[in-house]
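Visitor: Each chain, written out:
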Amino acid sequence: MSEDLLYLTQLIVSGLAVGSLYALAALGFVLIYKATDIMNFAHGEAMMIGGFICYTLIGLGVPFGWAVIIAAALTMGLGVMTERLVLRPMLGEPQFAVVMVTIGLSIFLRSISGIVFGHDNKIFPSPFAQATITYEGLVLSYTHLWAMLVSAFMMILFFLFFKYSRSGLAMRGVANDQDTSMLMGISVKKIFALSWGLSFAIAAVAGIFLANVMVLNIGLSLVALKAFPAVVLGGLESVPGAIIGGLVIGVLETLVGGYLDQTLPGAKDLTAFVVLFLVLMIRPYGLFGKKEIERV
Amino acid sequence: MRSKTFRETYREDMKVFQTFWVKCWLLLFIIALLTLPFWADPYIVYMTNICGIAIIAALGLNILTGLTGQISLGHSAFVALGAYTSAIMAGRLDLPFWLTIPAGGLVAALFGIGLGFPCLRLKGLYLAMATMSFGVVVEYAITHWESLTMGVRGISVPAPVFLGFTLSDPSQLFFLIIVIVGLHISAAKNLARTRVGRAFVAIRDRDVAAEVIGVNLTKYKVMAFAISSFYGGVAGALYAYSTSYLHPENFTLLLSIEYIAMIIVGGLGSILGSVLGAVFLTAMPDLIKGLFEFLGRQIPYFQARYDEEWNIAAFGLLIMLFLIFEPAGLNGIWTRIKTSFKNWPFTY
Numbered sequence: 001m002s003e004d005l006l007y008l009t010q011l012i013v014s015g016l017a018v019g020s021l022y023a024l025a026a027l028g029f030v031l032i033y034k035a036t037d038i039m040n041f042a043h044g045e046a047m048m049i050g051g052f053i054c055y056t057l058i059g060l061g062v063p064f065g066w067a068v069i070i071a072a073a074l075t076m077g078l079g080v081m082t083e084r085l086v087l088r089p090m091l092g093e094p095q096f097a098v099v100m101v102t103i104g105l106s107i108f109l110r111s112i113s114g115i116v117f118g119h120d121n122k123i124f125p126s127p128f129a130q131a132t133i134t135y136e137g138l139v140l141s142y143t144h145l146w147a148m149l150v151s152a153f154m155m156i157l158f159f160l161f162f163k164y165s166r167s168g169l170a171m172r173g174v175a176n177d178q179d180t181s182m183l184m185g186i187s188v189k190k191i192f193a194l195s196w197g198l199s200f201a202i203a204a205v206a207g208i209f210l211a212n213v214m215v216l217n218i219g220l221s222l223v224a225l226k227a228f229p230a231v232v233l234g235g236l237e238s239v240p241g242a243i244i245g246g247l248v249i250g251v252l253e254t255l256v257g258g259y260l261d262q263t264l265p266g267a268k269d270l271t272a273f274v275v276l277f278l279v280l281m282i283r284p285y286g287l288f289g290k291k292e293i294e295r296v
Numbered sequence: 297m298r299s300k301t302f303r304e305t306y307r308e309d310m311k312v313f314q315t316f317w318v319k320c321w322l323l324l325f326i327i328a329l330l331t332l333p334f335w336a337d338p339y340i341v342y343m344t345n346i347c348g349i350a351i352i353a354a355l356g357l358n359i360l361t362g363l364t365g366q367i368s369l370g371h372s373a374f375v376a377l378g379a380y381t382s383a384i385m386a387g388r389l390d391l392p393f394w395l396t397i398p399a400g401g402l403v404a405a406l407f408g409i410g411l412g413f414p415c416l417r418l419k420g421l422y423l424a425m426a427t428m429s430f431g432v433v434v435e436y437a438i439t440h441w442e443s444l445t446m447g448v449r450g451i452s453v454p455a456p457v458f459l460g461f462t463l464s465d466p467s468q469l470f471f472l473i474i475v476i477v478g479l480h481i482s483a484a485k486n487l488a489r490t491r492v493g494r495a496f497v498a499i500r501d502r503d504v505a506a507e508v509i510g511v512n513l514t515k516y517k518v519m520a521f522a523i524s525s526f527y528g529g530v531a532g533a534l535y536a537y538s539t540s541y542l543h544p545e546n547f548t549l550l551l552s553i554e555y556i557a558m559i560i561v562g563g564l565g566s567i568l569g570s571v572l573g574a575v576f577l578t579a580m581p582d583l584i585k586g587l588f589e590f591l592g593r594q595i596p597y598f599q600a601r602y603d604e605e606w607n608i609a610a611f612g613l614l615i616m617l618f619l620i621f622e623p624a625g626l627n628g629i630w631t632r633i634k635t636s637f638k639n640w641p642f643t644y
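Same order as they appear, the protein sequences are chains A and B.
Last residue of the first sequence: 296 in our numbering, with the numbers rising by one and none dropped.
Last residue of the second sequence: 644 in our numbering, with the numbers rising by one and none dropped.
Because the hints were derived from the structure by calculation, they are not lab data.
Residues from chain B shown here face chain A by an in silico Cβ test under 7 Å; the list is partial:
| no. | residue |
| --- | --- |
| 1 | L418 |
| 2 | G420 |
| 3 | V432 |
| 4 | Y436 |
| 5 | M616 |
From a predicted model like this one, the values you see are computed outputs, not experimental measurements.
All C-beta atoms in this analysis are idealised placements derived from N, C-alpha and C, irrespective of residue type, glycine included.
Start from the sequences and build out the full structure, keeping to the hints where you can.
Guide: What follows is the structure, given as structure tokens:
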């Protein structure tokens, strides 16, 4: 392979690794949006809190695998609690108010985590080998590889959950039509709580691996804002769309970082938002989203 | 004894000052306010200035979000545009403040129109995300366009000069800010009761229905963006003069959320609400600090536990609490207290 092509491929591969984490974050968004019609602006905070809990557990000597599972479970509890305390009283309120509540929740959780966990950068004690895999000149670290594998695993798990499990089916039913599913004997409240819990648990896993790839601090919640462009790109209701969106954002961002960083320093962090803006201008309902038809 | 205000005509209902006493109280309040620099602590005067600036910005956001119903997470961008426009005009070109402050507003309004047109098709969540990305882009631009904005080194702003008299002290700037705040409040109050204001409310309540009864959506939505960003720009320009130093870190997403907190806590779509919310949330960091000092004296655990983060946590908590328990905000509480006094001893 020529030098330029190799560089390009390398960027795409690293982009896919980061993108798979964005996709995982986006999956959590879509999960809540599909079931409850709420866009959760506090998703990034769930990721960050998951990362912090895992970091604390590892500091206490818990092995990495268990730490991930416990962190995901605790964050899931936080999600269920959030739904019960903050979102349930907002049932039936206009969408505007619900969006604002999640924004309030997001800055509340972020600053409380700042107080509890501190503001300094934490280096995540990586459980993966520091060595890299080299294939035909392409370099991929084990952290990135694991991030990709775990994302893929989680996505398959959720695909199966939605397709075959009873709760997954109930969630799809609620997403489709709340009244009908209520008539079918599905407890909508339970499904809402379950959606929030699962979404937070996914967020925690995504957060832990993002903290491995990047650095763990309060700013991690802002990194998660990049999952917004991913979901908008994919359309808010579409799970495959969110995954594709996440991968595209990850690759684009790495490409911009690789090629434009000399001329426009810091442009990398801007890519996702520019893409978001452009997509909204061209297709206000996302690439795979469905246009809402309004009746007066 | 009059127990209730009955309004017989539409004109009466639209009056700015509903009763004679409102005018009297307002006059007293204005007199007390105008003499503030002569008897109050300089810190209070400085905080009043900051409150005034927050009031203008919150009014702007309330016109867009509260009256017209368009969620904006990019209000800090307009404040930043106004602040940097006036700072650059005053610092580089030595222009007087009566040019730079309106210019700050106009530049922000131009960007507002520029953002308003592409955002016409967006609603709700999508609009929130588009305005948020606009805010991020503007923040990036002021951080990295160093030849113009000095980037992270920050830009200093010379004190405004009025008839050869330099207004460097907060108590001197106070009068300038109070006059501008007064103008903006009365403009917003009057806007709300014109055709334009009613069109805004119609768009908020149901945009399709508004269009059917003859409200030009394009015109009024873009107008709402323009007016709102003009307010933001003026607030930014005043902020530049009052802090005399600008740094990109002052204009992050957090600032936009702070303004949202102000209008939610104050009351969406209410002018009095914007004022109350802005004053309350500007004073809140000091209240929290005071609370911590008080607790520190009682319980040793709280000593020196104060952290800036508590302010932000309080913003978030207040947004949630008000939306869940009191969606009409402080304005709603105030109206309820007023009516219960007016109707006493009857409940209604």
